[in-house]
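Undergrad: Heads up: the protein sequence lines correspond to chains G and E, in order.
For the first sequence, the numbering used here assigns the number 34 to the initial residue and increments by one for each residue that follows.
For the second sequence, the numbering used here assigns the number -3 to the initial residue and increments by one for each residue that follows.
Treat the hints loosely; a few may be bogus.
[To be verified] Straight-line distance between alpha carbons at most 20 Å, and here's what the computed SDA-like set of lysine to any residue pairs gives:
| hint | chain 1 | residue 1 | chain 2 | residue 2 |
| --- | --- | --- | --- | --- |
| 1 | E | Lys187 | E | Glu101 |
| 2 | E | Lys224 | G | Phe111 |
| 3 | E | Lys187 | E | Gln87 |
| 4 | G | Lys141 | G | Leu62 |
| 5 | E | Lys213 | G | Glu105 |
| 6 | E | Lys224 | G | Val89 |
| 7 | E | Lys213 | G | Leu82 |
| 8 | E | Lys224 | G | Ser95 |
| 9 | E | Lys224 | G | Lys141 |
| 10 | E | Lys134 | E | Lys187 |
| 11 | E | Lys224 | G | Phe103 |
| 12 | G | Lys224 | G | Phe54 |
| 13 | E | Lys146 | G | Ala119 |
| 14 | E | Lys134 | E | Ile93 |
| 15 | E | Lys224 | G | Ser104 |
| 16 | E | Lys134 | E | Ala167 |
| 17 | E | Lys224 | E | Arg89 |
| 18 | G | Lys141 | G | Phe54 |
| 19 | E | Lys224 | E | Gln87 |
| 20 | E | Lys224 | G | Ala92 |
| 21 | E | Lys224 | G | Pro93 |
| 22 | E | Lys213 | G | Phe90 |
| 23 | E | Lys134 | E | His82 |
| 24 | G | Lys141 | G | Val220 |
| 25 | E | Lys187 | E | Ile43 |
| 26 | E | Lys213 | G | Lys141 |
| 27 | E | Lys187 | E | Asp48 |
| 28 | E | Lys224 | G | Val85 |
| 29 | G | Lys99 | E | Arg232 |
[What the hints assert, rightly or not] Sample of chain E residues facing chain G (criterion: CB under 7 Å; computed from the structure):
| hint | residue |
| --- | --- |
| 30 | Gln87 |
| 31 | Gly210 |
| 32 | Gln212 |
| 33 | Thr215 |
| 34 | Pro217 |
| 35 | Asn219 |
| 36 | Asn221 |
Think of the hints as simulated: they come from the structure by calculation, not from any bench.
We treat Cβ as the ideally placed atom computed from N, Cα and C, and that holds for glycine.
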Amino acid sequence: MKTRLAILVLRIRVACAGVWFVVRKPASLAGVIIGAFVSSSFILWSLNLDLVRYIVFDAPISFLDKIRFFSETYRDIFTTYDSLQALGIIVFSLLFGLNIVLLAYVLKHQGLKNIPKKSGIGGMLMAVLAGGCVACGTSLLAPLLATFGATSSAFLRDLSVWLSWGGSVLIIFSIYKLGQIAASLRVAQEKH
Amino acid sequence: MNKLLTLTAVCLLIVFGWLVFIRSDVNDENSKSDIESNQLEDETADIEQNADFENRPALIIGSADAPVTLVEYADFKCPSCNQFHHGVGAQLRDEYIDSGRVRIEFRNYPFIGPDSGRAARGSYCAYDQGFFPAYHDKIYNYVWDNYYSKGDMAAEFRDILTVDTIVQIVADDIRDMSTFSACLEDTTKNKFIDADLLLGADDGVTGTPGFVIGGQKITGPSNYNTFKTLLDIQLR
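Based on the sequences and whatever the hints tell you, model everything.
TA: See below:
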C-alpha cells in the first residue's frame, strides 16, 4: 500500500514537473491565459450571443465602453453568480487553458502516437482522456454549465456547480496524463 | 512552440467567433423550429386559446411616463430572479427607476411550482387593487429573507406561497381582502399569465430571469454594467 502511494506521489510530481516545463515559457503562459479567457467567455456569454454581437458590431458606444462592457463581467463575476459557481467557472477556465496548451505541446512533439491502444469502452475512454480530449468534452459541457447556471431552478443551479467541479476534476486528470508525457519529452530533449 | 501556441490561440478565437456570430443564427433557427413544433402540442394550443392580450394590463414598476422600458420575465420563486431583485435590480431602481428615466414592465413566467402560478396570479390581483409594485417587492423579499438568503434552496420544491401566506405578506396593502383572496384562488387571471408566457416566447425567453431592453435580450444573471450600457443607449 505504501509503495503504491509512493508511486502515485512520484507520478504526480513527475506530471507537475512536466506541466511546469511547458508552462514556464512566457508564450505558454500567454496560451493558458488566452485559453482561460476564451473558455470563461464562452461560459459567461453563451446564453447571450446576440447581445455580444450587438455590442461588438452595432451598439453606438465607444470602443473603450465596449471593452469595459466585457471586462466588467469578469470583475463582477462574484456578484453576478454565487461564490461557488463563480469559483467553479474560474477554476474550470484556468484548467481548460492549461489543458489546451499541454495538448498543443504534446501533439506538436508526439502527435497521437502516445494515446494508449486499449480495447473496449474503458480503454477508449482512457485513450480520449490521455489524449487530452477532455477539453473537447468539456467544451460541450460549457454551454450546459452556462445554461444551468443561468436557469432559475435551484436544483439546476446546484447541478451546474457539480458539473463545473466535475469537469474540473476530469481536466485535472487530463493535465496529469499530459504532464507525464511532457516530462518524458523533456527527458528525451535533454538526452539529445 | 510559439507558432503552435499562436495557432492554438487563433483557433480558439475563431471557434469563439464562430459560436458568437454564426452559431447564434443557427440557434435562432433551431429555437424557431422548436417553437413551431411545440405549438402543435395541446398545452401550448390551450395557452394560445386562453391568452388575453387585449385586456392584459401592463404591470409597471416606476413612472408610467418613463421614456425607456425594461421588460422583465420572472418567476417569484426562482432563486436567480430573487438574487437579481436584491442585487442588480436594487441598483437599477436607485439609478434609473426612482429617477423616472426607466420603468420595469414585469411579465410573469411561472414554471417552478403551483405556488409560482398563484404568486403570478396575485400580481394581477394586486394590480386590480392598485398595489402591484409593493406586491412585487414584498413577495420577493419574503421568499428571499425566509428561504434563499438562508440557503434553503429546497424551498423551491415546497408550497411556500399559499393563499394565506400571500395575503399575510401584503395584508397592509389590500383594500378588499375577500376579493383579493378569491382572486388568488380563481383562475380568471391565468389568461393574462398565458399572454405573458406567449410574449416571452416571442421575445425568445428561454429561462428566468429574462430581460428585454430596446429589443435586446438578456438571458440569465447579468451584471449591472450590462443593463446600464443598454439602458444608456436607449436613453440617448
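Undergrad: A separate judgement is required for each hint: does it hold in the structure or not?
TA: Hint by hint, here is what the structure shows:
1. E/Lys187 / E/Glu101: holds, 17 Å
2. E/Lys224 / G/Phe111: Holds, because 18 Å separates the two Cα atoms, which is no more than 20 Å.
3. E/Lys187 / E/Gln87: Violated, because 32 Å separates the two Cα atoms, which is more than 20 Å.
4. G/Lys141 / G/Leu62: Answer holds: G/Lys141 to G/Leu62 is near 17 Å, not above 20 Å.
5. E/Lys213 / G/Glu105: holds, 19 Å
6. E/Lys224 / G/Val89: Distance of about 16 Å is within 20 Å: holds.
7. E/Lys213 / G/Leu82: holds, 10 Å
8. E/Lys224 / G/Ser95: Distance of about 14 Å is within 20 Å: holds.
9. E/Lys224 / G/Lys141: With a Cα-Cα distance of about 45 Å, the restraint between E/Lys224 and G/Lys141 is violated, given a limit of 20 Å.
10. E/Lys134 / E/Lys187: violated, 24 Å
11. E/Lys224 / G/Phe103: At roughly 13 Å apart (the allowed maximum being 20 Å), G/Phe103 and E/Lys224 satisfy the hint.
12. G/Lys224 / G/Phe54: holds, 15 Å
13. E/Lys146 / G/Ala119: Holds. E/Lys146 to G/Ala119 sits at ~19 Å (cutoff 20 Å).
14. E/Lys134 / E/Ile93: holds, 17 Å
15. E/Lys224 / G/Ser104: holds, 14 Å
16. E/Lys134 / E/Ala167: holds, 11 Å
17. E/Lys224 / E/Arg89: holds, 11 Å
18. G/Lys141 / G/Phe54: holds, 15 Å
19. E/Lys224 / E/Gln87: It holds: about 10 Å lies between the C-alpha atoms, which stays within 20 Å.
20. E/Lys224 / G/Ala92: holds, 13 Å
21. E/Lys224 / G/Pro93: holds, 14 Å
22. E/Lys213 / G/Phe90: OK: E/Lys213 and G/Phe90 at ~16 Å, within 20 Å.
23. E/Lys134 / E/His82: Holds, at roughly 12 Å.
24. G/Lys141 / G/Val220: holds, 16 Å
25. E/Lys187 / E/Ile43: This hinted pair holds, its Cα atoms lying about 8 Å apart.
26. E/Lys213 / G/Lys141: violated, 42 Å
27. E/Lys187 / E/Asp48: The hint holds at about 5 Å.
28. E/Lys224 / G/Val85: holds, 15 Å
29. G/Lys99 / E/Arg232: Holds, because 17 Å separates the two Cα atoms, which is no more than 20 Å.
30. Gln87: violated, 10 Å
31. Gly210: It is violated, given that the least Cβ distance between E/Gly210 and chain G is near 10 Å, above 7 Å.
32. Gln212: Hint holds; E/Gln212 Cβ to chain G Cβ min 6 Å, cut 7 Å.
33. Thr215: holds, 4 Å
34. Pro217: holds, 5 Å
35. Asn219: Holds: closest Cβ of chain G sits about 4 Å from E/Asn219, inside 7 Å.
36. Asn221: holds, 4 Å
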